[in-house]
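Generate coordinates for the entire structure from the input sequences, incorporating the hints supplied.
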Amino acid sequence: MTVESGSRATVAAGAAADDKRPRTERGRRTLRKLLDASAEEFGEKGFHEASVSSITRRAGVALGTFYTYFDSKDALFRALVADMSDNVKSSARAAMKDDMGALEIEHAALGAFLEFAREHKEIYRIIDEAEFVDPASYRTHYETIAQRIQARLVSGSDKGEFRDGLGEIEAWAIMGMNVFVGLRYAVWEAGTDASGTDEIAQTVNRLLAQGIARTD
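Heads up: the sequence shown begins at 1 in this note's numbering, then just goes up one per residue.
Heads up, simulated EDC-like pairs for lysine to aspartate or glutamate below, C-alpha to C-alpha not over 16 Å straight-line:
#1 K20 x D71
#2 K45 x D74
#3 K89 x E143
#4 K121 x E189
#5 K89 x E115
#6 K121 x D36
#7 K73 x E129
#8 K45 x E122
#9 K73 x D134
#10 K20 x D74
#11 K121 x D193
#12 K45 x D128
#13 K121 x E44
#14 K159 x E104
#15 K45 x E129
#16 K73 x D36
#17 K159 x D99
#18 K121 x E40
#19 K73 x E49
#20 K159 x D98
#21 K73 x E40
Everything labelled a hint here was simulated from the structure, so no lab data went into it.
Here it is, written out as structure tokens:
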């Protein structure tokens, strides 16, 4: 998993414990290498089979360097879950434009997630494992996403584009739909390309706009 430098690298720096956050650009690059390598390692082998030594080899850094940033494999895993969650958020935000309507925003957010999941299929295995490796991170990941969706629904209602009364339940329902659509079409469907993911996002967006009940 390769993530752009700059703002994302700054966020990644915050993924380590406060006393281990890198203070230099070189340190932030090294941390980025460790997070990217751990995504590959955990994604391929799972948490229990993954090893710190293998992660550092993938990252191209010395074993001792690992402990400059993390106290343990568990700490790295927690940081990786937080980092992935933030990358999903950053991808969605980058796809949204100020002049978009409420439904357009949901289309853009889902499209960005599908594209992210298509490029980083390991996210599903890593987040699923977090339920058992670090339940707090697992819950925070989904609660944070649901809160963002809920905020968008409320904003859409305030603008008169969505009906009134939308809230937490609807946000969790939309998130659940998005997660499983991503699993089916971004992870399992290896041949889906960017145009395909956009078409899928449009279909889901139409479901949000029209529902499934006949109105004639």
